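In order, the protein sequences belong to chains A, B, C and D. Per full-length UniProt numbering, residue 1 is the first one in the first sequence, and the count goes up by one each step. Per full-length UniProt numbering, residue 1 is the first one in the second sequence, and the count goes up by one each step. Per full-length UniProt numbering, residue 1 is the first one in the third sequence, and the count goes up by one each step. Per full-length UniProt numbering, residue 1 is the first one in the fourth sequence, and the count goes up by one each step.
To be clear, the hints were calculated from the coordinates, so they are not data collected in a lab. It is possible that some hints are incorrect.
[What the hints assert, rightly or not] 30 Å max Cα-Cα, derived DSS-like pairs, lysine-lysine:
#	chain 1	residue 1	chain 2	residue 2
1	C	115	D	374
2	A	78	A	130
3	D	323	D	287
4	D	65	D	371
5	D	339	D	287
6	C	115	D	53
7	D	287	C	115
8	A	196	B	110
9	D	65	D	298
10	D	302	D	371
11	D	134	D	155
12	D	371	D	217
13	B	104	A	196
14	D	287	D	217
15	D	134	D	332
16	D	332	C	115
17	D	332	D	53
18	D	65	D	53
19	D	217	D	374
20	D	286	C	115
21	A	78	A	65
22	D	134	D	298
23	C	115	D	302
24	D	302	D	65
25	D	371	C	115
26	D	217	D	298
27	D	286	D	323
[Stated by the list, open to error] Here chain D is said to cover these stretches of chain B; the calculated rule only asks that three of the stretch's residues, wherever they fall, bring their Cβ under 8 Å from a Cβ of chain D:
#	region
28	139-150
29	233-244
[Said to hold, decoys possible] Residues from chain B that face chain D, not an exhaustive set, calculated with beta carbons under 10 Å:
#	residue
30	32
31	124
32	154
33	159
34	203
35	285
Source: prediction; values computed, not measured. In this text, a Cβ means the ideal position worked out from N, Cα and C, and glycines have one as well.
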Amino acid sequence: MSAISVEHVSIRFGGLVALSDVSFDVPPGEIFALIGPNGAGKTTLFNVVSGVYACTDGRIRFNGKTITGALPHELARKGLTRTFQNLQIFFRMSAAENVMVGRHLHERRNPLLDFLGLPMVHRQNAESRKLAEELLDLVGLSGLGDQPAGELPYGVLKRLEIARALATRPSVIMLDEPVAGCNAVETAEIAHVIRKIAGSGMTVMLVEHDMGFVMTLADRIHVLNRGMTLAEGTPSEIRNNPAVIEAYLGTAKPGETSRAHG
Amino acid sequence: MRRILANPYAPAFALAVVVVMVPLLVPSPFYLRLATLVFINALVVVGLNLLMGYAGQISLGHAAFFAMGAYASAIGPAHLGLPTLASMLAGIVLTGVVAYGVGKPILRFKGYHLAVATLGLGVIVSIVITNEIAWTGGPDGMQVARLWIGSWRVSGVANWYWVAGITLIVAMLGAANLLSSPTGRALRAIHDSEVAAGVLGIDVARYKLLVFVISAIYAATAGAFLALFDGHVTPVTGGILRSIEFVAMAVLGGLGSILGSVLGAAVLVVLPQALTSFHEFEHAILGAILMVLMIALRRGVIPSLQSWLLRGAA
Amino acid sequence: MATALQILFSGLTVGAIYALVAIGFTLVYSSSEVVNFAQGEFVMLGGMISATAVAAGLAPLPAASLAIVATVVTGILLYGLAVAPARDASPIVVIIITIGASIFIRGLASVGMGKEFHTLPPLLATPTLDLGGASVQTQGLVVMAGSVAIVLTLWLFLRMTKLGRGIRATAANRLAAQLAGINPRVIVGLTFAISALIGALGGILITPITLTSFDVGTLLAVKGFAAAVLGGLTHPAGPVLGGLMIGLLEAVGAGYISSQYKDVFAFVVLLGVLFLRPQGILGGRAVERV
Amino acid sequence: MKPIRALVCAVLMAPGLATAARSEILIGSVLSTTGPASFLGEPEKQTLEVYAKRINDAGGVNGEKIRLIIYDDGSDASNSRTFATRLVEQDQVVAVVGGTGTGNSLAMIPVFEEAGIPFVSLSGGVDIIDPVRKWVFKPPHTDRMACAKIFTDLKQRGLTNAAFIAGQGGYAKSMVTQCRSVAGQYGIKILAEESYGPRDSDMTAQLTRIKALPGLKAVINADIGQGPAIVTRNAAQINLGMPLYQSHGAATQGYLELAGPAAEGVRLPGPSLLVAEQLPDSDPQKKVLLDYTAVIEKATGKPVGTFGGYAHDGLLLLVDAMKRAGSADPAKVRDQLEKTKGYVATVGIITMSPTDHLGIDLSAFRMLEVKRGKWAVVD
């Protein structure tokens with residue numbers, strides 16, 4: 001059974017067709033990459049799968065169960081979470097608190113007990129804080145826990161989002177351009193983290209423009225162009241696919257780093 | 001310095017010191033009345049700050065909840081034969097229920113739409129209070145029976161000063177507890193990014209509704225206190241100008257700062273008293289002070305002072 | 001039939017008044033995302049200064065001109081001294097600043113021009129007209145025509161003149177406009193001046209109907225704000241549509257349902273419309289980008 | 001935390017600057033000079049200030065100057081109460097005259113009752129003196145008296161089916177409520193009670209609805225401020241076709257100016273103050289009324305109105321009682337206030353008693369009609 005099945009998904013905004021009849025399957029534990037030129041619909045597809053947008057047609061299944069139309073927080077509860085292309089950091093919190101928010105589903109959360117500030121709430125806070133530190137260590141941000149998130153550099157925030165997503169203990173994690181704007185060292189670190197989490201059995205879906213990163217990391221690659229599927233296969237298959245080469249040469253180079261909306 | 005400023009319980013502690021000190025310092029009970037009014041307003045503003053400053057949802061209608069608490073405490077004894085304490089508590093619970101029912105649809109709005117929707121709530125409540133004369137006495141208002149707790153007759157400024165002051169301290173402690181808990185982190189997450197909060201498993205709609213209800217309960221409690229303290233309540237209690245004043249208090253003191261809420265309430269309650277000597281220029285000066293404070297301390301008095309102090313200490 | 005027509009005219013008259021207030025809100029909002037709660041005071045100044053000047057013996061036209069100039073200067077000062085210095089503050093802080101400004105302006109107006117109510121003579125010699133069995137104030141027609149004329153002029157100004165295009169460019173993308181050599185501070189200052197002008201003009205036109213006093217601005221601002229949001233804060237015709245809708249709802253409420261609860265009726269319908277069209281009646285579709 | 005505590009203390013101390021010199025008689029006042037009731041509060045304030053100065057120029061009271069301390073409650077009753085506390089606790093006044101709206105007066109009364117300070121209210125509501133409270137007096141007409149005057153006139157003219165159109169302020173609502181309660185006694189049937197908002201600018205919808213009522217003979221508008229003028233104009237606009245009555249809230253020169261020719265034929269119960277010149281010389285009130293008119297017009301350049309007259313009566317009643325008591329001692333002044341007998345005021349001739357802290361009767365009102373842009377007495 002696939003971790004994620006996208007079946008004939010289409011979405012329209014007014015007259016604009018953003019995705020048209022896209023289908024693919026992601027088996028558990030795989031690193032699955034979505035690529036395509038700007039405007040191909042990669043982030044839109046992420047938004048549909050993660051419940052941020054509702055698709056116009058089609059169906060999405062998660063571990064065999066239909067999740068079409070479910071809200072993001074309901075999907076998170078089932079074990080699906082994501083990061084964002086344009087950072088969605090909680091800027092008014094510290095780095096550790098950002099990750100602690102990711103622990104939300106696994107915390108006892110009773111507003112009345114929270115209001116009263118009972119000792120068990122404080123104990124739980126300490127526990128969450130410890131786990132948050134561990135996740136920060138995992139993504140290479142040891143010792144930054146108390147830093148206000150608003151004061152951290154871009155590359156660090158990218159990794160903070162990954163740590164925060166991991167805190168929800170997902171079975172599927174979707175990473176939207178995890179190494180955009182990162183230098184070579186940071187990119188290598190993030191690739192290492194992704195391999196590690198995939199190695200633990202987690203399914204990873206990612207969108208990325210850095211072709212070198214995608215080609216070395218992904219098990220399989222799905223190529224979108226103008227909202228439609230262009231090709232799907234292993235990195236070597238994609239690298240040699242004439243349609244993919246044409247689409248990229250016809251529009252923009254694979255390595256381009258523009259931050260335009262996908 | 002940084003540790004003191006960062007301690008979530010410091011504001012409540014500071015206020016506790018003030019509550020104990022003020023009666024020793026002031027020359028007449030009039031100042032205690034002023035302080036009591038500050039506490040009552042601050043109670044609303046602390047709740048509003050949870051909603052606006054932490055969860056990032058605006059309300060231009062909180063005087064509606066304030067008035068519901070006030071009128072419930074008045075109407076229970078006058079028309080339903082209930083003891084004052086029971087009707088006060090019932091009124092607070094009822095206001096929470098109403099906030100839940102109203103919040104469910106209107107919290108789907110964001111930004112200026114939410115502002116208009118809550119403004120509408122305020123207008124509606126205010127019109128109902130003005131027109132249902134048989135129940136509310138209309139624009140001239142109604143008398144409020146005294147509060148008895150057991151054999152203790154809670155009346156006069158000497159009693160209400162302590163009731164309001166201690167309630168405010170408890171409310172501030174509760175707010176501080178809430179903020180450093182899963183619930184509070186969820187609220188603060190919603191403020192910065194609803195979509196990120198959602199993908200991390202936070203039921204955004206539920207938490208918005210939760211904080212809306214909590215802030216309504218704070219407001220209703222304060223409204224009940226004002227009605228019982230004054231012994232008379234009029235529809236101005238729930239007017240839209242009062243709602244806007246609460247927002248001004250929260251923003252002036254500093255959104256996201258509990259101590260700021262108390263200070264904002266203190267400034268806007270005490271300032272008109274201090275400006276009476278300017279006679280007809282009173283309002284112009286009040287407006288000018290509000291403008292200048294907001295321009296100079298644009299994140300609110302307390303957050304601006306805090307970052308200034310931290311910079312000085314570093 | 002005549003009753004229905006009378007109620008319709010009542011709604012249109014009131015609606016046109018709200019529309020005049022609302023136009024100023026949307027203009028400033030679209031260029032700066034600031035909701036200027038002192039807009040109601042512009043309306044007040046337009047009416048009050050004119051009425052005070054007329055009472056002091058000035059002819060209506062010079063009195064109106066004086067009022068407009070004084071209000072525009074107030075608008076520019078408001079921007080330059082209070083809003084521009086806080087331009088990097090959050091919208092709610094800027095709103096509180098404009099509320100402070102409106103308390104300040106109102107306070108000075110009450111000292112300078114007193115607290116009595118004033119009126120101005122209507123523009124046309126015939127005060128009322130008979131239309132299909134209903135009677136309508138000619139000044140109401142003037143206000144309606146005035147708000148349509150103001151919207152059209154504004155639209156032409158925004159489309160056809162260089163300055164107007166600068167305002168639109170700033171509204172669409174502040175950074176891009178800045179890169180193209182447009183100074184956003186000048187542009188936003190200009191929109192404050194224009195909205196003050198519109199407010200003053202509106203104040204002069206509505207005073208023969210509404211009468212005026214130093215504190216007329218507050219509630220007008222509240223209704224105008226609701227009208228602007230209902231119509232869609234960024235569409236040029238939004239405020240007119242929003243204003244007319246609220247006016248008509250109030251009149252229908254007062255005429256057919258309950259005059260005590262007409263505002264409740266209007267607000268409930270307004271909220272219902274916002275549920276169906278969260279972007280306002282004429283607002284463009286907004287897709288949240290993540 | 002020290003600076004904050006210091007700040008709190010400093011701010012709390014600020015109002016303490018105004019302290020009394022002991023050689024003066026301190027008289028407090030809380031008025032609504034801003035907010036919806038400022039239409040009433042502002043002339044009250046002007047009158048108090050002008051007359052306090054006149055009294056002092058004429059040598060003061062019992063050889064002492066009086067000093068007024070006036071606060072603006074912004075038409076908010078909770079503020080009234082705060083200022084009432086301030087007058088008693090902080091300023092330590094010996095008497096209070098004020099309270100513009102009925103709600104404002106009612107909110108303050110417990111403070112003065114508890115402190116034992118005479119309070120002369122300027123509000124219209126009958127609840128203020130009914131039941132009688134030891135320390136509370138009130139010269140103004142009650143709304144109920146205005147109702148009685150209008151209903152008497154309606155009955156005489158055979159216009160027994162009437163409708164109300166009223167604002168939503170305290171004055172308007174209280175008037176309608178009190179009129180409803182006494183309508184039956186005069187054989188008047190109230191067919192409708194329409195209403196409009198505080199800043200509404202067009203009431204033709206409500207008037208059209210009223211006009212369509214079968215058998216309706218007259219319309220009564222209860223309000224203050226700009227409302228009565230707009231209702232009067234709208235009534236003319238839609239050609240109402242039946243007599244329009246206003247309340248004493250419209251008994252001002254401002255109403256005549258704002259309503260213009262539309263006011264022709266409108267009737268209202270007003271104080272003799274507005275028609276002082278038309279009174280016969282034998283009228284005992286004439287001199288007081290003309291004096292008040294001359295003083296205010298000279299000092300403020302503005303015409304007199306009902307509400308300023310209330311303030312005149314309130315302050316002078318207090319002063320009169322202080323003179324008779326020979327002291328400003330609150331208890332003695334209160335006793336003398338209660339013994340006021342035949343005191344000629346703008347509202348009428350006041351005679352108080354332990355069971356009557358109002359002291360005037362229906363004769364204080366005259367039915368006035370607008371004729372050629374001026375007030376004329378019709379009864």
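Hint check results:
Taken as a hint, the residue 115 of chain C and residue 374 of chain D pair is honoured in the structure, with Cα atoms around 23 Å apart against an allowance of 30 Å. As the CA atoms of residue 78 of chain A and residue 130 of chain A are separated by approximately 24 Å, the hinted pair is consistent with the 30 Å bound. Between residue 323 of chain D and residue 287 of chain D, the direct Cα distance comes to roughly 21 Å. Compliance with the 30 Å bound is thereby established for this hinted pair. A hinted pair counts as satisfied when its Cα atoms are at most 30 Å apart, and residue 65 of chain D with residue 371 of chain D does not qualify at roughly 44 Å.
Restraint check for residue 339 of chain D and residue 287 of chain D: satisfied, since their Cα atoms lie roughly 23 Å apart, inside the 30 Å limit. Under the criterion of a C-alpha separation no larger than 30 Å, the hint pairing residue 115 of chain C with residue 53 of chain D is consistent with the structure, at around 22 Å. Restraint check for residue 287 of chain D and residue 115 of chain C: satisfied, since their Cα atoms lie roughly 29 Å apart, inside the 30 Å limit. For the given pair, residue 196 of chain A sits about 40 Å from residue 110 of chain B by alpha-carbon distance, which is inconsistent with the 30 Å threshold.
Our distance criterion of 30 Å between C-alpha atoms is met by residue 65 of chain D and residue 298 of chain D, whose separation comes to about 23 Å. Pair hint residue 302 of chain D plus residue 371 of chain D holds up; C-alpha atoms about 21 Å apart against a cutoff of 30 Å. Proposed proximity of residue 134 of chain D and residue 155 of chain D is contradicted: the alpha carbons are some 37 Å apart, above 30 Å. A distance of roughly 21 Å separates the Cα atoms of residue 371 of chain D and residue 217 of chain D; the hinted pair therefore holds under the 30 Å criterion.
Restraint check: the Cα-Cα separation between residue 104 of chain B and residue 196 of chain A comes to about 43 Å, which exceeds 30 Å; the hinted pair is violated. With a CA separation close to 38 Å, the supplied pair residue 287 of chain D and residue 217 of chain D exceeds the 30 Å bound. Of the pairs offered as hints, the one joining residue 134 of chain D and residue 332 of chain D holds, with about 13 Å between alpha carbons and a cut-off of 30 Å not exceeded. Restraint check for residue 332 of chain D and residue 115 of chain C: the C-alpha separation of about 37 Å exceeds 30 Å, so the hint is violated.
Simply put, residue 332 of chain D and residue 53 of chain D have alpha-carbon atoms about 24 Å apart, close enough for the 30 Å limit, and the pair holds. Of the supplied pair hints, the one linking residue 65 of chain D and residue 53 of chain D holds, its CA atoms being roughly 9 Å apart against a limit of 30 Å. The suggested pairing of residue 217 of chain D with residue 374 of chain D holds, with an alpha-carbon distance near 24 Å, which does not exceed 30 Å. As the CA atoms of residue 286 of chain D and residue 115 of chain C are separated by approximately 29 Å, the hinted pair is consistent with the 30 Å bound.
Our distance criterion of 30 Å between C-alpha atoms is met by residue 78 of chain A and residue 65 of chain A, whose separation comes to about 10 Å. Distance restraint check for residue 134 of chain D and residue 298 of chain D: the Cα-Cα separation of roughly 37 Å exceeds the 30 Å cut-off, and the hinted pair is therefore not satisfied. A distance of roughly 12 Å separates the Cα atoms of residue 115 of chain C and residue 302 of chain D; the hinted pair therefore holds under the 30 Å criterion. A threshold of 30 Å between alpha carbons decides the hint, and for residue 302 of chain D with residue 65 of chain D the separation of about 27 Å falls inside it, so the pair holds.
The straight-line distance between the Cα atoms of residue 371 of chain D and residue 115 of chain C is roughly 27 Å, inside the 30 Å bound, and the hint therefore holds. Taken as a hint, the residue 217 of chain D and residue 298 of chain D pair is broken in the structure, with Cα atoms around 42 Å apart against an allowance of 30 Å. Distance check on the hinted pair: residue 286 of chain D and residue 323 of chain D sit about 23 Å apart at the alpha-carbon level, within 30 Å; holds. Check result for the region 139-150 of chain B against chain D: holds, 4 residues qualifying (beta carbon to beta carbon below 8 Å, three or more required).
Taking a C-beta to C-beta cut-off of 8 Å, the region 233-244 of chain B contributes 4 residues in contact with chain D, enough for the three needed, and the coverage statement holds. Nearest Cβ of chain D to the Cβ of residue 32 of chain B: about 9 Å, under the 10 Å cut. The hint holds. Against a cut-off of 10 Å between C-beta atoms, the interface hint on residue 124 of chain B is violated, since the closest Cβ of chain D lies about 13 Å away. For residue 154 of chain B, the shortest C-beta to C-beta distance to chain D is roughly 15 Å, which exceeds 10 Å, and the interface hint is violated.
Taking 10 Å as the C-beta contact cut-off toward chain D, the hint placing residue 159 of chain B at the interface is violated, the least distance being around 14 Å. The interface hint given for residue 203 of chain B is violated, since its Cβ lies 38 Å from the closest Cβ of chain D, which is over the 10 Å cut-off. The interface hint given for residue 285 of chain B is broken, as the beta carbon of that residue sits about 13 Å from the closest beta carbon of chain D, more than 10 Å.
Hints 4, 8, 11, 13, 14, 16, 22, 26, 31, 32, 33, 34 and 35 from the earlier list are contradicted by this structure; the remaining hints agree with it.
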